[in-house]
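Number of protein chains: 4
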Amino acid sequence: MSTDERPRLGLGMVGYAFMGRAHSQAWRVAPRFFELPLRPDMAVLCGRSPQGVATAARTLGWGAVETDWRRLIARDDVDLVDVVTPGDTHAEIAVAALEAGKHVLCEKPLANSVTEAEAMAAAARRAAEHGVLAMVGFTYRRVPAISLAAQLVAEGRIGRVRQVRAQYLQDWIADPEAPLSWRLDKQRAGSGALGDIGAHIVDLVQFITGESITGVSGLLETFVTERPVAEGFSGLSGTAGSARGPVTVDDAAVFLARLSGGGIGTFEATRFAWGRKNAIRLEVNGTDGSLAFDFEDLNVLHLFDATEPAREAGYRRIVVTEPEHPYVAAWWPAGHMLGYEHAFTHQAVDLVHALAVGAQPAPSFDDGLAVQRVLDAVERSAADESRWTTVAGTPADTPQEES
Amino acid sequence: MSTDERPRLGLGMVGYAFMGRAHSQAWRVAPRFFELPLRPDMAVLCGRSPQGVATAARTLGWGAVETDWRRLIARDDVDLVDVVTPGDTHAEIAVAALEAGKHVLCEKPLANSVTEAEAMAAAARRAAEHGVLAMVGFTYRRVPAISLAAQLVAEGRIGRVRQVRAQYLQDWIADPEAPLSWRLDKQRAGSGALGDIGAHIVDLVQFITGESITGVSGLLETFVTERPVAEGFSGLSGTAGSARGPVTVDDAAVFLARLSGGGIGTFEATRFAWGRKNAIRLEVNGTDGSLAFDFEDLNVLHLFDATEPAREAGYRRIVVTEPEHPYVAAWWPAGHMLGYEHAFTHQAVDLVHALAVGAQPAPSFDDGLAVQRVLDAVERSAADESRWTTVAGTPADTPQEES
Amino acid sequence: MSTDERPRLGLGMVGYAFMGRAHSQAWRVAPRFFELPLRPDMAVLCGRSPQGVATAARTLGWGAVETDWRRLIARDDVDLVDVVTPGDTHAEIAVAALEAGKHVLCEKPLANSVTEAEAMAAAARRAAEHGVLAMVGFTYRRVPAISLAAQLVAEGRIGRVRQVRAQYLQDWIADPEAPLSWRLDKQRAGSGALGDIGAHIVDLVQFITGESITGVSGLLETFVTERPVAEGFSGLSGTAGSARGPVTVDDAAVFLARLSGGGIGTFEATRFAWGRKNAIRLEVNGTDGSLAFDFEDLNVLHLFDATEPAREAGYRRIVVTEPEHPYVAAWWPAGHMLGYEHAFTHQAVDLVHALAVGAQPAPSFDDGLAVQRVLDAVERSAADESRWTTVAGTPADTPQEES
Amino acid sequence: MSTDERPRLGLGMVGYAFMGRAHSQAWRVAPRFFELPLRPDMAVLCGRSPQGVATAARTLGWGAVETDWRRLIARDDVDLVDVVTPGDTHAEIAVAALEAGKHVLCEKPLANSVTEAEAMAAAARRAAEHGVLAMVGFTYRRVPAISLAAQLVAEGRIGRVRQVRAQYLQDWIADPEAPLSWRLDKQRAGSGALGDIGAHIVDLVQFITGESITGVSGLLETFVTERPVAEGFSGLSGTAGSARGPVTVDDAAVFLARLSGGGIGTFEATRFAWGRKNAIRLEVNGTDGSLAFDFEDLNVLHLFDATEPAREAGYRRIVVTEPEHPYVAAWWPAGHMLGYEHAFTHQAVDLVHALAVGAQPAPSFDDGLAVQRVLDAVERSAADESRWTTVAGTPADTPQEES
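Protein chains in written order, with the UniProt record's numbering: chain G, 1 to 403; chain V, 1 to 403; chain H, 1 to 403; chain F, 1 to 403.
Worth double-checking, as some hints may not be accurate.
Any copy, or any two copies together, can satisfy a pair, since identical chains are not distinguished.
[Unchecked claim] Below, in silico cross-link-like pairs of lysine to any residue (SDA-like), each with a Cα-Cα straight-line distance of 25 Å or less:
(1) 277 x 297
(2) 186 x 287
(3) 277 x 34
(4) 277 x 324
By construction, these hints were calculated from the structure, which means they are not laboratory data. Remember, it's a predicted structure, so these values are computed and weren't measured experimentally.
Input sequences plus hints: build the corresponding full structure.
This is the structure:
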């Protein structure tokens, strides 16, 4: 068989839980369905537990292991550091990796605070001057139906955006006896539903509309304030030796918003919507039409074209599995549905293409910072009687001079 | 044929536009499908235009006409005054009718302001002491699927309510060239989407949950501030002789809310959601399950029972057309779907039963006032940077004394 | 009030069960929403039980009663005889009425046998020569979404028809303990699911496509051959004094078909599809597009336009409640859904218009006969090892001469 | 990293088109998500074109290549031969491989004729005596929602099966200008929609119900009898040098059926249903409930439980992504939807487990033969005026002796 002459892209991944499995699948599958300009090599996996990381590397297919991320980023055979740890470690690892000249793919949310996110975005900007590139993993952008939605809006298919409604509904801790985890600990996770899943719909709305969220009015709620401590579980503040420990993050986050183009929106992120498992529901109403999406039916995008005669107008259920649709030509014939992890593959593909030509991949750390600033504004508003709160760094944040 | 020995209920209706047609259909049809303790008689129709009211009476099947509502409420053959005029006239007519000893059915919203609504509710309470009864027409309560939802919540089927999301989406003025009407004039309509359709979802949430909305954070938006004046159209402030006139109400209203039982909610009322015609969408998440409803599929209620084993759990699509369901036994066999106007018939039926036994019909003017106070709080919040605003007359409005 | 100068149309109805209630509602409501050229007068109701018919007349709003249909059709104040009795009596009543010079509206199926249906169609043709008109009640044609479907096909919107799939699914006797009724007695009902609900989908396919079903291959099945005799129930063959009696009709009927335009189809009528209450499901695939309809969502028609670019093509969910849609302008604003009985009103409206100008209303008795011939071919095929069976009176029944 | 001590399973695959890509993905991914008792090794890929197979092997990740399948099955490093070629070559390759002592996974349909399928099934039975095992690739059985459906039926959840309706709707050649391919050539494909996609729904119905289809009445139709010959296309009979060539298979196949348990069914396979891309729609009605599935929403199974009180009964929309559901625990959290190719992974996993313990994997070649016999009966019925035709090898094929 012929030699592969494409340059190698050495991958090092930090973390190997849920997101580690998803990213590994992406790196494994991407070269099999897409033509890539570089040859990804799943070189090194990093985790603190020697035994854990060894087992994970074998299962997930990584060639070597490290137990200290500082050693990982020092390795010559690693060109890209893929950060899939909890949010409180993102900033330190990502900044160090970028400063070491490694490209970085960092899971969302970019960080647990605006301060950290700003430092990361600054590091990314500095690194970019040297051709070292950074991307944040708002993966849902690359669900084909969502990519198509963004294309249609950009093409003016629904006109100017007037309203959005965005919901991310789950139910995995609706049962008050579901145990504590790091995702319910403010120290580790930064926030609860807001940062974990609310971050996704903030990014998706900004991605699809091409606009910024400029101001918000928010409300956070914790329905279950104390939960059982799982056996063998430790490391959460205030849980040592207790049967139950405190939930220190929000269970649900709701907020109103304004967009930079003049539209308004409602947002909701919750882990308490019994019966909704991973329902990312997006609706965009423009001056000339509407779009609707629900991740529970992820291969479908609904498009309403208001310029059609009323007698025949109706939401079109576009099954986004045609070769004409984003990413789809690489996969299967029409109607052979894609699943959750395909978006991770698309993310890997686009990242490799960007790296090969030295272009900034999207979403950038600046995009991640923009999301973080919206989350921060929601938290500040919620802490201040839901008062309207400007999002830092947006047009609303920079009052125009009076004439 | 045998004589009908039931007591007569003389009906007088003020107004004969959209709601007049719906109420007429209800009065006409109710006795044909339901056994009523009184015999409704569509006696008198009232409207300002002699010719208009005569034509309407003939078309809609009313026995006589009046052109002055004061004469209508003075008639001996009128026992119940059905008020289906725009909101700015409700208070005067309803209070006068009640004081004249006539029962009143008043269309929603109860009034255009809290002050008016308070006066009406007070009048209703005074009248009730003399057996004169008042009801406000939040008709959607009597869509069978919605009635069933309220029953299931009251029975504890989904546990304690944690979250609601309520949307009323229309698109009839999404086109900026849609002409002005009284519904876009603050003087006549009080508010826009907020009072016209937002009022419905406020009432429905309070009805289904059996709780009060105690506080809100709101945002109002007018997307199209000027519209064409339809030929022959007059009476709107500032439109005399102009080709275009100002829209003085909100096009969309969004708000966050807290419920008296500890839950939270998001609300949206808009006339700009292209492709959604009359989409009343309600979701309620409780501690033990969830409910979901969409008026675009009005014969269906979705129920998720969280106590079922995960392997078999799923939203049940209940087709609410069984004899066991509210109101349905009087109509057709299962699966023979009901439509929009059936709820008006159910409203008439329940009202006649209440009158026959001297019981307070629901929703009462106090219920209508409660809705008005929520709308008022939304407007005040929207005018004050979306700051959290307590709804008057609710538990949150009456701080508990410190011990 | 002004005098109504429209000619009176005296109505006499034979029967007052389920269909009698539906027709009464139609006659009552039609003049209130539609402008009619004649003035329908619900004059006389006929039933065998003096007490039963008197009670029904009062409830349903008929002016007088008869206990013998022969007297009804002899009355001078009756211009139109509305036949809503079981199928075994249709022929005798309808033919007599037509011969007496009365217009006839006859419920479906037209008759219990082809022989009867042929006699009725012949009588209708004779009567038509004298301006006396007959119509058969395939009411579902006038559900607005179905009317729109027929319009779109006629306009060539989906090209030439290649395939249809038609299902009418119910579950009302899926429980083997559901008692016997006349609908399960071959003597009274002619057939079971085939004639009762299969007749509807046969007519609907012929209506929507504008084509004839020319041949079939059929299979009939009776799952529950014996059922409890309801107390007080009598008149079914072989049930006297028994606790259980035989079911003498089909529970389910399935058949394959060819259409006169070259297409093929599958048909299914069943009363045993647990969970489907009145699911009339129709799909039509043409050379340029497709249509889909489900009565469980009766205000919606789905249209796929195959000429659209693949990237944006998708089934459009047309909410058939716009003024541009058939019949809708007379009712409510967009999105205010119609129900089952509205189609009966539309049927009455169209019939009155046809009578006023002396035009043949559709569906005619010939249309009813065509349905009967299809049902007959299905039964003959089922009795002959499902062998392909030509439908009498269709192109396939009249071989072209060889040139 | 520790040594993998599991026995190696050497894989050799013949063919590398659509199915080859799907099977490769399955072999690649299975060991990463599932614990397997053997270690699959993607050893050898076989194809006739040296360059084509080399490129495919590199893209798909196979270690070596062969251009003659006879050499492949002779190799010592191949334990399992995976046959993903067109149907006309299945019999020769599979029988030879089994006789050479190689396990076989053969794509569906098992063969192009009953004669071939019988030979293959006989070979498989002989091989099984020596521990050499064969499986046919009716992959859709392992879509989790379909596996769950089969489990629920087997557990008696819907009682005894009365009716099924099964449709496989595509539209990829609805355009008459879609070019010829081997799938439209009777020599290569055996039949058209019938064998390609009809085979799937035949197998799925037999799998879910656990019953046999015992008799059928069928109809086949070819709508477009001549199509363009794609440039560079050759090898189809009668197309040499022509711009257009004949379609020699059915475009659509419809049939009625009886099941061994007494139920009846309707089946439809078509490539002409504009707007349906890969719609495998299955409904099963039992004595105690119903199931419904549509591949366009493949992560969902609908269950109707007829034993629930009518007030709360309704089709449950089970999102089949819980750890309690078949195969799901190995993948992602609830609500993170799976796609088309996951079923191939499940097939590989189950096959490896069966091989490891020497158990017969399902579906067996006998299962594949049973499908082939149904297809054959459909073709014979269609050729004989749709006359009822017994399926060979079923209870109906073996008349009981009279007593």
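A quick look at each hint next to the structure:
1. 277 x 297: both (12 Å within a copy, 15 Å between copies)
2. 186 x 287: Result: close only across copies, 24 Å inter versus 41 Å intra.
3. 277 x 34: Between copies only: 23 Å across, 30 Å inside.
4. 277 x 324: Result: close only across copies, 14 Å inter versus 30 Å intra.
Checked against the numbered hints given earlier, the structure satisfies every one of them.
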